[in-house]
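Chains as they are written, first to last, in this note's numbering: chain A, 1 to 191; chain B, 1001 to 1376; chain C, 2001 to 2204.
Any given hint could turn out to be false.
[To be verified] FRET-style restraints, in silico, Cβ to Cβ:
#1 C/Ser-2174 <-> B/Arg-1253: 29 to 39 Å
#2 B/Gln-1209 <-> A/Asp-176: 45 to 55 Å
#3 B/Met-1015 <-> C/Pro-2165: 34 to 44 Å
#4 C/Ser-2163 <-> B/Thr-1199: 31 to 41 Å
#5 B/Thr-1199 <-> C/Lys-2006: 38 to 48 Å
#6 C/Glu-2183 <-> A/Glu-86: 26 to 36 Å
#7 B/Gly-1095 <-> A/Ser-107: 25 to 35 Å
#8 C/Asp-2054 <-> B/Asp-1192: 55 to 65 Å
#9 B/Val-1170 <-> C/Arg-2068: 43 to 53 Å
#10 A/Ser-107 <-> B/Gly-1189: 37 to 47 Å
#11 A/Arg-161 <-> B/Ala-1358: 44 to 54 Å
#12 B/Ala-1358 <-> A/Asp-176: 44 to 54 Å
#13 C/Asp-2054 <-> A/Asp-154: 38 to 48 Å
#14 C/Glu-2096 <-> B/Arg-1253: 55 to 65 Å
Worth flagging that the hints you see were computed from the coordinates, not collected in a lab.
Keep in mind that this is a model prediction, so the values were computed, not measured.
We put the beta carbon where it would ideally sit given N, CA and C, even for glycine.
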Amino acid sequence: MTLNEIRARLQAEIPGCQVDLVVNGSPSAQNSLLIDRQHGLEAARVLRGLELDYCSNVTAVDWLERVQSDKIKSKQVVDGVEKEIEQTVKTTIPGYLEVVYHLFSMSKKEGPVVLRMRTGNRTDDVALPSLTPVWRSAEFQEREAFDLYGIVFDGHPDLRRILMWEGFADYPMRKDYVPPPDDDLETLGER
Amino acid sequence: MTQVAPPEAEQNNLMELSMGPQHPSTHGVFRMDVRLDGERVMRLKPVFGYLHRNHEKIAETASYLAAIPYTDRLDYLCSMTNNWGYALAVEKLAGLSVPERAEYIRVIVAELTRLQNHAGMVGFLLQDMGASGTPLMYAFRERERVLDLFESLSGARMMCNYMRFGGVRVDCSAEWLGQAAQLVAGFGGFLDEFEQLLTGNEILMARTQRVGVLSSELAINAGVTGPGLRASGVNYDVRKVDQYGIYDRFPFRVPLGEHGDVFDRYMMRVLEMRETLKILEEALRDIPSGPIMDPKARLRGLRPKVGEAYGRIESPKGELGFYLISDGTPNPYRYRVRPPSLINLTVLEDMCLGHNIADVVVILGSIDIVMGEVDR
Amino acid sequence: MDQDLKTELSKHGIFATSFEELYNWGRKNSVWPLTFGLACCAIEMIATTMARYDLARFGAEVFRPSPRQADLMIVSGTVTKKMAPQVVRLYNQMPEPKYVIAMGACAISGGPFRDGYNVLKGIDRFIPVDVHIPGCPPRPEALIHAFMALQEKISAQQLTGESRPRHLKQELPSEFPVPEFGEHGLEPAQNDEVFRNPLKVLQG
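Whole structure, please, built from the sequences with the hints as guidance.
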């Protein structure tokens, strides 16, 4: 099934589900489906029903707040003459955390189907539905996303830190993580 | 046999034992918190992170080329296949092609890696069972021969740093190919000798048959890949499914197990070694002459277009995948390793429940994990 | 004792030695390492004990799994901050005289993973190290060379006097404080009694 067919199927079976196609710019041509958080678990069950029975990879990505500048050409009348003027419009895209799932079908030997879910922001709105009830291979990988990025997965059977120790307070894989100063030889002893 | 773990109230009478991180049989720094009723395992929780070396974070500050030596150190027994997985992902991301001679060389070194990995796994499994050192000595004797080949080809025994984006780093000589052919010709005899000592051995059979059974439904759901999945009867080998490289040219079979126990997983490795020898014979015979790098590929300063790619190979441990997100700069924005050893450990508790603690060691040995990959 | 006199006597079948030489000879030829492999260097350590390189010729016949029975800890591989308290605990549990070989770049200074947030930049931040082996990973021959260097160090140790080793001096500690897991790293980040910051040493 192509991605567009899967998207149509999801929109048909789950009313109110927002599924967007995210186009991939690289030659790999692996486009992905962006699903909204509220219907993430239902969408996962539908996909499981389409014989996508193997979730291979769960990745968390940290997108910082970024400013996108687009050049817009518009026709305006200046001194009575119609001219084409280029304007630069800057839009601020707020930061968010994202989780990417790579799904394959072991029975039909197909794949990958790439799924994405995004959080609201990077600070307090960081909850996402856990897909571990659908694919158990996500169990340890979602724990790792929680440990290193701080994404909270609702419905995960055992959400605790997996790689760092219990009691570690930072989320080290985030782009704005600053390691403690007493690591380097230059700053040792100065706290 | 599997049992459901008892509820928390009953667990107060159980003995809590922490196996690891320093333990002679945990295959590296791996810890298991086991709750025992006498000798029977009631609950098992693995603890990771003792070798978490921040490979993904370091790769974000290193360029694409500089991350290759770090991939050597992921599954440190199989550096060539790690390199190939990463090179495949970058070639997908940047749209590079690989010339034919380089593809043949990649297949040859990857299958040699599979040989020495599976031989080592059998050796370590037997050592966990108590055959203290002898099968391991035989396996390492063969492994040293393969490492000699790698050293003369790439300069290093273990951390080869050999693959590049669009080909391989150094060409192999005809003499090297002759030595490899000699090794392959003699390996069948070593396998016969090995099997004569091990496969019909009644201690091995008593300790491994019907121990650590993994059903095929659970294996697929939990994302188990590699010989562990095929031992449970699921026909899924990334070499056959994706047909990456030139694997479609080699007629090799995929052995499948019936019971999914430790004995099947052991036999998987032995049978796969025999299939690997077939691939190697053909590849060494048919390798063409030609360039070893894509002429359009630049060795340094690779700046792929904005986008992402997921590339995967069948490493000796399972499906090794690399997921890369590029933002147009020389460093990857997100670099993710899909570690087969970590995902294969998802089912460790299910396989160990109800067994004795001595079986836990054997089951762990049959999954074949390397901590460099689990923790990255 | 005069070396020529010793040689002359030995030709007549009389062996003269000192108590110190005999004591050190016995110790250096039976150093038993602890089975302690962390990462990739551990595989080279295992290869050193296998048939081709055979560390058993040098007296390291048995690798003891229990620290109570081991003399030597070969720290082979990256020591992470999560593992560091366990390494120090194991070192404390070893009885004196005990030695440490830091094998590989990671154990010496953090190695290629030095920039990592979870990597301890060298095990000599917490425990004293006797021999350092550079390499990533060091070849088995390099490990054998380090083993021989350790044997030379042991045979040069004196039984009496000011320069006698730590295990013969009552006032020096043989156990070192175990670091705790803090919120952002290890507490303390290093043991100032043991660790000599190379930059401060250079600056004088």
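Checked hints:
1. Range check, C/Ser-2174 to B/Arg-1253: Cβ separation about 59 Å, and the 29 to 39 Å hint is violated.
2. Separated by about 53 Å at the C-beta atoms, B/Gln-1209 and A/Asp-176 satisfy the suggested range of 45 to 55 Å.
3. Checking the proposed 34 to 44 Å range against B/Met-1015 and C/Pro-2165 shows it holds: the Cβ atoms sit about 41 Å from each other.
4. Roughly 58 Å separates the CB atoms of C/Ser-2163 and B/Thr-1199, a value that falls outside the hinted 31 to 41 Å.
5. Taking the beta carbon of each, B/Thr-1199 and C/Lys-2006 are about 58 Å apart, not inside 38 to 48 Å as hinted.
6. One distance hint, 26 to 36 Å for the beta-carbon pair C/Glu-2183 and A/Glu-86, is violated here, with the actual separation near 51 Å.
7. For the pair B/Gly-1095 and A/Ser-107, the beta carbons lie near 31 Å from each other, so the given range of 25 to 35 Å is met.
8. The hinted window of 55 to 65 Å between C/Asp-2054 and B/Asp-1192 is violated, with their beta carbons roughly 26 Å apart.
9. Judged by the Cβ atoms, the range 43 to 53 Å given for B/Val-1170 and C/Arg-2068 holds: they are separated by roughly 48 Å.
10. Distance hint check for A/Ser-107 and B/Gly-1189: the Cβ-Cβ separation is about 39 Å, which falls inside the suggested range of 37 to 47 Å.
11. Between A/Arg-161 and B/Ala-1358 the C-beta distance comes to about 30 Å, which lies outside the given range of 44 to 54 Å.
12. Range check, B/Ala-1358 to A/Asp-176: Cβ separation about 48 Å, and the 44 to 54 Å hint holds.
13. Checked against the hint of 38 to 48 Å, the pair C/Asp-2054 and A/Asp-154 fails, with Cβ atoms roughly 56 Å apart.
14. Checked against the hint of 55 to 65 Å, the pair C/Glu-2096 and B/Arg-1253 passes, with Cβ atoms roughly 58 Å apart.
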